[in-house]
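Undergrad: These are the residues of each chain, in order.
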Amino acid sequence: MLLLTCPNCGNRNVSEFRFGGELSSRPKDPSALSSTEWANYLYMRNNVMDAQTEWWHHNAGCGLWFLAERHTRTNEVIKTYPYAKRNA
Amino acid sequence: MRTEHDILITPNRLHPKGGEVIDRTTTIRFTFDGVEYTAHPGDTVASALTAAGVQVLSRSFKYHRPRGLLCCSGHCPNCLVQIGDEPNVRACTRPVEAGMEVRAQNVWPSLNRDLLSLTQLGSRFMPVGFYYKTFIRPQKLWPLYEHTLRHIAGLGEVHIDTPLGEFDKQYLHTDVVVAGGGPAGIGAALAAAEAGAQVLLFDENPTLGGHLRFTVPMDSSSPPEASKNLPELLEAVNHQPNITVFTDTSVLGWYQDHWLCAVKGTRLFKIRTKSVIVATGAYEVPLIFDNNDLPGVMLGSAVQRLVHLFGVLPGKQVVIVTANEDGWDVAADLQSLGVNVGAIVEERESNACSSPYRDGLINAGVPVFYRHIIVEALGSNAVRGAKITRIDEHGEISPKTTQSLHCDLIVTSMGWTPATELAYMAGGKSEYNEERAEIIPVSTPPGIYVVGRASGTHALDSQIAEAQQIGTAAAAFVGFGEVDGLTAHSPDISKPRRTSERVCVPGNKKRFVCYCEDVTDEDVQTAIAEGYDSIELLKRYSTISMGPCQGAMCSMNTIHLCAHANSSTIQETGTTTARPPTTPVTLGALAGQNMEPVQTTPIHQWHLDHGADMMVAGFWLRPNHYGDPASEAMGVRERAGLIDVSPLGKLQLTGPGVPELLERIYTNQWKNLPVGRVRYGVMCNDEGVVLNDGVCAHLNDETWYMTTTSTGATPIFEWLQWWLQSGWGEGIHLTDLTDAYSAFNLAGPQSRAVLEKLTDRNLTNKAFPYMRVRSAKVADVPCRLLRIGFTGELSYEVHCPSAYALHIWEALMDAGREFGIAPFGVEAQRILRLEKAHIIVGQDTDAMSDPLSANMAWAVKLDKPDFLGKPSLMRISTEGPKQLLVGFKMVDSDVVPDEGLQIVEPDADGRLTITGWVTSSRFSPTLAEAIGLCWLPPELASQDGAPFTIRIDGNLVEARVHHDAFYDPDGERLRM
Chain E
1 MLLLTCPNCG NRNVSEFRFG GELSSRPKDP SALSSTEWAN YLYMRNNVMD AQTEWWHHNA
61 GCGLWFLAER HTRTNEVIKT YPYAKRNA
Chain C
89 MRTEHDILIT PNRLHPKGGE VIDRTTTIRF TFDGVEYTAH PGDTVASALT AAGVQVLSRS
149 FKYHRPRGLL CCSGHCPNCL VQIGDEPNVR ACTRPVEAGM EVRAQNVWPS LNRDLLSLTQ
209 LGSRFMPVGF YYKTFIRPQK LWPLYEHTLR HIAGLGEVHI DTPLGEFDKQ YLHTDVVVAG
269 GGPAGIGAAL AAAEAGAQVL LFDENPTLGG HLRFTVPMDS SSPPEASKNL PELLEAVNHQ
329 PNITVFTDTS VLGWYQDHWL CAVKGTRLFK IRTKSVIVAT GAYEVPLIFD NNDLPGVMLG
389 SAVQRLVHLF GVLPGKQVVI VTANEDGWDV AADLQSLGVN VGAIVEERES NACSSPYRDG
449 LINAGVPVFY RHIIVEALGS NAVRGAKITR IDEHGEISPK TTQSLHCDLI VTSMGWTPAT
509 ELAYMAGGKS EYNEERAEII PVSTPPGIYV VGRASGTHAL DSQIAEAQQI GTAAAAFVGF
569 GEVDGLTAHS PDISKPRRTS ERVCVPGNKK RFVCYCEDVT DEDVQTAIAE GYDSIELLKR
629 YSTISMGPCQ GAMCSMNTIH LCAHANSSTI QETGTTTARP PTTPVTLGAL AGQNMEPVQT
689 TPIHQWHLDH GADMMVAGFW LRPNHYGDPA SEAMGVRERA GLIDVSPLGK LQLTGPGVPE
749 LLERIYTNQW KNLPVGRVRY GVMCNDEGVV LNDGVCAHLN DETWYMTTTS TGATPIFEWL
809 QWWLQSGWGE GIHLTDLTDA YSAFNLAGPQ SRAVLEKLTD RNLTNKAFPY MRVRSAKVAD
869 VPCRLLRIGF TGELSYEVHC PSAYALHIWE ALMDAGREFG IAPFGVEAQR ILRLEKAHII
929 VGQDTDAMSD PLSANMAWAV KLDKPDFLGK PSLMRISTEG PKQLLVGFKM VDSDVVPDEG
989 LQIVEPDADG RLTITGWVTS SRFSPTLAEA IGLCWLPPEL ASQDGAPFTI RIDGNLVEAR
1049 VHHDAFYDPD GERLRM
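Top line first, the protein sequences correspond to chains E and C. Going by the working numbering, the final residue of the first sequence carries number 88, and the count climbs one at a time with no gaps. Going by the working numbering, the final residue of the second sequence carries number 1064, and the count climbs one at a time with no gaps.
Honestly, I wouldn't trust all of these hints.
Said to hold, decoys possible - The calculated lysine-lysine pairs, modelled on DSSO-like cross-linking and capped at a C-alpha distance of 30 Å, are:
1) C:Lys488 - C:Lys597
2) C:Lys517 - C:Lys362
3) E:Lys28 - C:Lys952
4) C:Lys759 - C:Lys854
5) C:Lys952 - C:Lys970
6) E:Lys79 - E:Lys28
7) C:Lys257 - C:Lys404
8) C:Lys759 - E:Lys28
9) E:Lys79 - C:Lys362
10) C:Lys949 - E:Lys28
11) C:Lys952 - E:Lys79
12) C:Lys404 - C:Lys597
13) C:Lys517 - C:Lys352
14) E:Lys79 - C:Lys358
15) C:Lys362 - C:Lys352
16) C:Lys475 - C:Lys597
17) E:Lys28 - E:Lys85
18) C:Lys475 - C:Lys404
Quick caveat, the hints were computed from the structure, so don't treat them as lab data.
Please put together the full structure from these sequences, using the hints given.
TA: Structure, rendered in structure tokens:
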């Protein structure tokens, strides 16, 4: 079972977490988008075979939503960090 | 001492000697297919039966050929038996218990006269893949085929009335796991433990020691002393506090980040470790020749196990077929026990044989046939002889030189294949080592180590040295001590123990590659000729390695056959992917205890004491009813009722940012909601799909109190946390009060009168109108009162600290007695809400439902600034909904259609088109009518009273669209 390091709680079994999908952000002004752009936001994912930045939620722990960089082929978790430190 | 009686009933039992695991002072009895046999404590079922001279233990899967002991190590399928209710038990590893009832599996009418073996007469009509080829047409006969095939093929019987066994799971945490407790595993465990690491040492056998329990160390020059080194090693393990030993335990699989799964009987272990040392030894590889599955053809290691552990020899006249020193070890071993070794059939030239026992055996008069090989096992139900032949200068067999040897036991020792599944599961890479004729691991991921025979190291002194090195390296990997220079693994092949490259001797009878599924070498050739020529395809098509042995007996031979047929190398042919489990595991062990955790409310015991019929709703146990849901519903309509709604999600939001957040997550207006007001709201995701609904109360300036559906409590809390933590959380604090607060809905025309007895708060309609929130002491406890109406009657939702919940519940019940109050359950609430046509998210809506279509357009304000789902809802609003959720009444009020039934429209020819479906339906006790909610096409749904048909059990039954609530459509009773 994969281990994930919660930025608050440390190294835990992945069963304590909920996967939240790859990092994407809601458009600032949805009303300015065409239908295609809105549909892309809703349904299109990059689905890379590489290191991916993704959301995880420590739902059996502290409740933090954080970001993980995980390689989608090897499952290697490169690092985890709070959303607030995404640009650090 | 043996008595005459013992000899009669256990003719194959040898004289007592050291190293045995049986207690000869005690005799127990058990039955096999109804016949009574004796055993000693420590015997396995198979060793006891072998001692008694029983050779046929099972019938094969497809052809029902007699099968006897082959590997005697719990890896092959030949000794699978049924013990009581338990199918597919390996007789060679299961200890005998007094009174045990053992039966043969998959035989008719009996093990020794199995008429189903006639299937092999038609075997040319049952080629590899015959299921796919034969039984596909005509399709309607498949049930007949299936029934017959299920009877002929298969293994043990599952009794569905067998009571649930006791299974459990245990979690273990450690630094280093050593899988396999032979000399290499013990040595590595000791080295790691001495460096300071915590070590768990697993072995599938009842005691540690591996092959030292029953073999002669090959580098030992002294006469056979099977367990010369073992006592020292066991003593060292006992004195090492850092090692915990688990015997009778198989490590089933490696998973991500060194998470292992192991099983010991009915207990499953889940193990988190930092490093794994694979010391799982090697499987002895069978030789493929005519009738190689005949009972009495056994692997050398199997015979050594029987002889040394159980004092049992399954024959009197032994022929040993070998291509390496192991066969000579076995011969010397048997010779020393006084057994008559009839012949040694050696594939190699005499000068290639370097066994230290060679001269001794020859001097003792044992005939040796160099450069010979077996071509056929003779006999019908058991071995009566061996046909051998010379190998010519080209390496081919020469039929002219064939001769027969009389014997009742054929022992093959052709070579080994490392048991490295765990290392490969972890991502280890292997290579074919031509010198050894073994596929051995060449690289492993960090923290994974392979040692001993699993790594290709056979010589005992080399194993011990390698184990020291590997154990130290593993300890250093997890942070204990240092290691100098060990980076890559290199097996010790300085004392080569060659495995023969010859895996198959041609002939004209059946030669089995796969004992589990009865696959012959001809089947393999056929499959390859049909194009299944890659090892992975060959496996799937022929089912080789997919049976109970999981490839232990057949993988290596199949790779050889595949490589040969394709004229490619072993390296090019490769191996199949190793996957858990390494050995079969019962579903009971995987399932563990029958545990479905549920939450109970503080009123749980009261509900039970008052006759509640409890149901699981989400994660909660809730009263479904207290006997008569219809009269509970009528009680609410006419008097007063009390329902425990504690499972509701209860979230408190504080801070200046809350109104803006509510505007974004609900589809309606929130900034204009004054303090003291409650509003209903719908939450959608950005696709415009309804996620949840509930009310939110504005408690004071910066405090809001939100309720969600019971099942939505956790997902909505997580979802809100995401929006708050990903950018919308400025000035907002979110607290989950779901468990801290309990809640009851006091509903019915008398509810005000009931509540007035317990509070000083002015409850008049003027002071506390509909859709308002008030703080008040109820029965001296500070509570929050929400005047809302899911049931359609005047009602107060009382939210109170959970610690006082029972006190308040009982106070409300006491106060209501004079008004005829009664508790009501989930079912009555479902009736009441349906009479009001109130929807339940998840019952009436699904993952495609938007609020505009779900009759909640009134709660969607498309003219407010951005909110979740707005662009999607705008689009739906423009294009018009495809289906609408609407109420209906049945024309025949006695017919209540089941929820989920289809709504159909017949065309002129009577063909039906599905146009909708029923989501909720009940008989309304208030109206004495059958009512419900359903999804219909908009043109139909928009006409009040429009008729449509529901298909019930094939009949078309009429219903009519009903707009508005069925009961009190103007909502006057809510505002009383």
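Undergrad: Evaluate each hint against the coordinates.
TA: Here's how the hints hold up against the structure:
Taking the CA atoms of Lys488 (chain C) and Lys597 (chain C), the gap is about 18 Å. The hint holds against a cut of 30 Å. Straight-line distance between C-alpha atoms of Lys517 (chain C) and Lys362 (chain C) comes to about 20 Å, which keeps the hinted pair within the 30 Å bound. Using a Cα cut-off of 30 Å, the hinted pair Lys28 (chain E) and Lys952 (chain C) holds, with the two alpha carbons roughly 16 Å apart. Between Lys759 (chain C) and Lys854 (chain C), the direct Cα distance comes to roughly 24 Å. Compliance with the 30 Å bound is thereby established for this hinted pair.
Only pairs whose Cα atoms come within 30 Å are accepted, and Lys952 (chain C) paired with Lys970 (chain C) is accepted, the gap being roughly 24 Å. A distance of roughly 28 Å separates the Cα atoms of Lys79 (chain E) and Lys28 (chain E); the hinted pair therefore holds under the 30 Å criterion. For a cut-off of 30 Å, the pair hint linking Lys257 (chain C) to Lys404 (chain C) is broken: about 46 Å separates their Cα positions. Distance check on the hinted pair: Lys759 (chain C) and Lys28 (chain E) sit about 21 Å apart at the alpha-carbon level, within 30 Å; holds.
For the hint linking Lys79 (chain E) to Lys362 (chain C), the alpha-carbon distance of about 19 Å falls within 30 Å, and the restraint holds. Distance restraint check for Lys949 (chain C) and Lys28 (chain E): the Cα-Cα separation of roughly 20 Å lies within the 30 Å cut-off, and the hinted pair is therefore satisfied. For the hint linking Lys952 (chain C) to Lys79 (chain E), the alpha-carbon distance of about 40 Å lies beyond 30 Å, and the restraint is violated. A hinted pair counts as satisfied when its Cα atoms are at most 30 Å apart, and Lys404 (chain C) with Lys597 (chain C) qualifies at roughly 26 Å.
Our distance criterion of 30 Å between C-alpha atoms is met by Lys517 (chain C) and Lys352 (chain C), whose separation comes to about 29 Å. Simply put, Lys79 (chain E) and Lys358 (chain C) have alpha-carbon atoms about 25 Å apart, close enough for the 30 Å limit, and the pair holds. For the given pair, Lys362 (chain C) sits about 22 Å from Lys352 (chain C) by alpha-carbon distance, which is consistent with the 30 Å threshold. With a C-alpha separation of about 13 Å, the suggested pairing of Lys475 (chain C) with Lys597 (chain C) holds against the 30 Å cut-off.
With a C-alpha separation of about 20 Å, the suggested pair Lys28 (chain E) and Lys85 (chain E) falls inside the 30 Å cut-off, and the hint holds. Under the criterion of a C-alpha separation no larger than 30 Å, the hint pairing Lys475 (chain C) with Lys404 (chain C) is consistent with the structure, at around 18 Å.
When each numbered hint is compared with the structure, violations occur for hints 7 and 11.
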